[in-house]
Amino acid sequence: MKESLLTIRGLDKSFPGVQALKDVDFSLESGEIRGLIGENGAGKSTLIKILAGIYQKDSGKVIFNGEEVSIDEPAEARDLGLAFIHQDVNLVPYFNAIENIWLGFDYPREWGKFDKTKMEARVVELTDQLDFELDLHRPVSELSTANKWLVAILKAFMRDAKVLVLDEPTAALTDEEIKELFTNLEKLKSKGLGIVYVSHRLEEVLNITDSITVLKNGEKVADRDINEVDKDAIIKLMTGGKGINRFPEKQSRQTGEKTVLEVQNFSGEGFQNINFSLNEREILGFFGLVGAGRTELMETIFGLRNLDSGELYLQDEKINIDTPNQMIEEGLVLIPEDRREEGLVLEMGVDENISLPNLDLLLKNRFLGNIDKTIEKKESQNIVDRLEVKTPSLKQQVKFLSGGNQQKVVIGKWLFRNTSVFIFDEPTSGIDVGTREEIYSLIQELAEESSVIIVSSDLRELTGICDRIAVMSGGKVTGTLKEREFSEENILQLAYEEVE
Amino acid sequence: MKGTLKKYGTLLGLGLIVITFAALKPSVFPTFNNLQNIFEQNSLLAIMAIGATVVVVIGEFDLSIGSVASFSGILVAILFGKNYPIFLVVPFVLIASLIFGLINGFFVSKLNIPSFITTLASSTFLGGITYWVSGGTIIFSGIPDSFLVWGQGDLLGIPVVIIVAALVFILFLYLFNQTMFGRQLYAIGGNEKAARYSGIQVERKKILSFGLTSVLAALAGILLTSKLSSAHPTAGEGYLLQSYATVFLGMTIFKQGEPNVPGTLVGVLIMGVLANGLTILGVSTYFQDMLTGSIIIAALIFQGLND
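Residue numbers (my numbering), protein chains in the order written: chain A, 674 to 1173; chain B, 4 to 310.
Misleading hints may appear alongside valid ones.
[Stated by the list, open to error] What the simulated footprint calls covered on chain B by chain A, stretch by stretch (three residues with Cβ under 8 angstroms from a Cβ of chain A suffice, anywhere in the stretch; the number is not a length):
1) 174-188
2) 191-205
[Unchecked claim] Taking lysine-lysine and the DSS-like style, the derived pairs with C-alpha atoms no more than 30 angstroms apart in a straight line are:
3) K1051/A / K196/B
4) K1155/A / K889/A
5) K258/B / K1068/A
6) K208/B / K1068/A
7) K1037/A / K1051/A
8) K1068/A / K196/B
9) K1046/A / K258/B
10) K10/B / K1046/A
11) K1063/A / K258/B
12) K862/A / K889/A
13) K258/B / K10/B
14) K730/A / K909/A
15) K208/B / K196/B
16) K904/A / K862/A
17) K1063/A / K196/B
FYI, nobody ran anything at the bench for these hints, they're computed from the structure.
Small disclaimer: the values here were computed from a predicted structure and weren't measured.
Backbone N, C-alpha and C fix where the C-beta goes; we use that ideal spot for every residue, glycine too.
Let's have the full structure, built from the sequences with the hints guiding it.
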C-alpha cells in the first residue's frame, strides 16, 4: 500500500443535539483526486471544516505526511499545506492576479516600495510550475470564473499547498470552463498534489475523480474506486438502500380535490419551465440540492423576483404577480429561509415584528393611517400565546430571543390574516428538536384550512409531513412523487438528475 | 441604572449645560426672553433637522437639504418680485421642492444609486440653478410685508416660527409613533430586506421619505427669507451639517441608536443653548464651533462606550 498523504481515523464530532460525524475514516494519496459525496447534512462540510481548523474534532486522528497533527485554527491548516477553495472565491475584483495572489503575504520590497518585478517573477514561476495559462495583468473581475479559481489555487500554492480541497468548484462554471478547470486539475494531480473534490454533480465526479468516499448521516458508508461505480451505484450508496427515518411520523390526512394554486410554464432567473399545482388542504414539499432553484422559484411566486414568463392562478383566477404586498393581499405568503436577514427587524419588538405585514388590518382610521395599538397588542399577544413564544415581554427586541423563538415570531407574522397558501422556505433550519415538532404540528394545523408548500433539504421532515414531494434539479422539476412513492432512492434519483 | 443613564445621558447633558449657563449668567441666561430667543433662533434648524430625521430613519442621507432651503428662499423672493400672490407662491415652491425630493428618492430606490452620491450631485445641480436664477446676489425687493409675518411676527405673543416648528414637531412625532407609514419607515431602516419580505413597498416609501425631507427643507428656506426680509443664494447651506449633527445627537436618546423626532429636538436645543450661552459669555465663534464639535463627538463616544 502506498504511503497516504492525508489519513483520518475514527473522527467524531457532535454539536448540541446532533452527531455530525461518527467514527469517520478518510484517506487521500498524493496524485489522487478523491470525491467526497453525500446528501445535504451527511457531514461533508463538517469534515472539511475540521480539516480547515474551523471546527475542533471531539476525537480521532488526523495524520498528514506520516505524522499526527492537530489543527486548532485555520492558520495551522494553511501552514501544513492544506488549501481550501470555496464556492465564492474571495478575490479583490479590481486587483490583477499578481496583486491578488500576493495579498496577505509580505511583499518583496526595494527602497520601501514593493518590487513588482519580483512579485511577478514569483507568480510566473508558479504558473510555469503548475502549467497554468492565465492573464496575470488584467483585473480579476474581467477573468472567467474558471480563471478566478486558478488565481485562488495559485494563491494557495504561495504557501506550498500539498492538499487542495475544492468545494463545489463547478457550480458557477459553463461547460467550456469546467473542461478547462478539469484539465488544470489533471496537471495538479500529475504534480503529486492530493485533491479532495466535493460536489453534488455526480457526472462530473465520475469524470474527474479517481475514487470516492461516501458519507451518510455522519458515517462513512463506502470507499470506492471510481471504476467500480456508476451513478446509480453512488446514489444507492448514499441512500444506504434503507427506508427513511421519517420525522415527524406521517399521519394520514385528507386533502381536498379543488386546485388552489396553479403554476404554468414558469421561467425566471434560476429556474425554467416549472409546472405544478397545489390542492386544497395539501402539503406539497419541494426537495432539491443547493442551487436547484427552489428558493428562486418561491420568491418569484411571492413577487420578490422578476418572472420572465409563465402564468399563475390562485383559486382559478389569473394573477399578474407584481409585489409581495399584492400577493399577501391575494392570500399567498412566504415565510423566508433566513430569519435574521429576511424575516425579522432585529431591533424591533416581538409585537412590532408580528404586526409588520398586517398594519393595514390594524388601522384606526384609514385616512390618518394611525395604528390601533390596543388591538395590535391584543392580536400579537394572541399569536405569542398560540405559538408559545418564550419572551419576557411583547416589547422585547427579537434579537434577544433564541433561534427557535425567533422562528416562531417569523411564522407568527403570517397568522394574522386569511391566507390560502403558505410557502415555508426551510422552516426548521438551525432549530432544536422540540421547536421543530411544534412547527410541524402548526404546519399540519394550518393545512386543515389552507394549503402549504414546504421547501426543505431535510428528507426526513419532507417525507414525514408532505402529501406529495416535487423534486427540483438544475432549475427544473424533475419529478413529483406521491406519498406511496416516497423513498430516499426515488427522491435522490430525481434530485441528481442532470438537466440540460 | 446604567440603561437609564444611557437612554437619557444626552438629555442630562442638556440639563447640565443649561444649569452651567444659568449659574454663570443668572441675570441674562435663564430669563423668559432669552429662552424664547433660543427657541425662535432654532426653529428653522428644528424644521430642517426633523426633515433630515426622516431619511436617516430609512438608513439614507439627503445632502441636498441646504441647497433646497436656499433655492426655496430665492424662488419665493423672485416670484414675489414678479407680483405673484403669497397663496400661490408658497404652495408652488413647496410642491417644486417636493418633486425635487421625490426625484432624489427615485434615483436612490429605483436606480440604486447611493443616496450620499445622488443627493450630493442633485444638491450641486440645484445650487447651480439657484445661482443662475438669482444672479448670485441677495434679493431684497418685492417681498411683501404680509409675508414677513411668518418669519418675524407673533401670534398670541408667540413667534410664528416657533408655532410652525411646534406643529411640524407634533405632526412628525405622530407620524413616527402612531402611523403605519412611520412604522414601515423604521422597518425599512432596521432591515430593508425583511421589510420587503413583509410586503412593504420599500421603493415607494423611500421616495416619499425623500419628498418629505425636501419639503421641510423648503419650508425652512421660505421662513428664512421671511425672517431676513431677503433671500441669499447660499442662505441654507449652514443648516446642512447642523441638521445632521442634531439627528446624530438625537440618536443617543430615547430610542437607542435610532433616529427619533424628540431626540432630534433635544439635539437642536443642545446646539441652540450652546450657541446662545457661549455668545452671552462672550466666547468667540471659533471656539464655539470647536466646543460644539467636541460635544457631538463626546455624546457619540458615550453612546458607543455603553454598547
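Open item on the list: Checking one constraint from the list: CA of K1155/A to CA of K889/A, max 30 angstroms. Satisfied?
Closed with: holds (25 angstroms)
- [ ] Given the hint that K1068/A pairs with K196/B, test it: the Cα-Cα distance must not exceed 30 angstroms.
- [x] holds (22 angstroms)
Task: Proposed proximity, K196/B with K1051/A (alpha carbon, max 30 angstroms) - done: holds (27 angstroms)
Task: Straight-line alpha-carbon gap K258/B to K1068/A, limit 30 angstroms - done: holds (13 angstroms)
- [ ] State whether the coverage of the region 191-205 of chain B by chain A holds or is violated, taking the criterion as 3 or more residues with Cβ-Cβ distances under 8 angstroms.
- [x] The restraint on the region 191-205 of chain B holds, since 11 of its residues have a Cβ under 8 angstroms from chain A and three suffice.
Open item on the list: Just to be careful, I want the Cα atoms of K862/A and K889/A compared with a cutoff of 30 angstroms; is the pair within it?
Closed with: holds (27 angstroms)
Task: Given hint K258/B paired with K1063/A - CA-CA distance at most 30 angstroms - done: holds (24 angstroms)
Open item on the list: Holds or violated: K10/B and K1046/A, Cα atoms, limit 30 angstroms.
Closed with: Since the Cα atoms of K10/B and K1046/A sit roughly 23 angstroms apart, the hinted pair holds (cutoff 30 angstroms).
Open item on the list: Three residues or more, CB to CB closer than 8 angstroms: is that satisfied between the region 174-188 of chain B and chain A?
Closed with: holds (count 7)
Open item on the list: Holds or violated: K1037/A and K1051/A, Cα atoms, limit 30 angstroms.
Closed with: holds (14 angstroms)
- [ ] Below or equal to 30 angstroms on CA atoms is what counts here, so check K730/A against K909/A.
- [x] holds (29 angstroms)
Task: Hint consistency between K1046/A and K258/B [alpha-carbon to alpha-carbon, up to 30 angstroms] - done: Measuring from Cα to Cα gives roughly 18 angstroms; hence the hint holds.
Hint violations for this structure: none, all hints satisfied.
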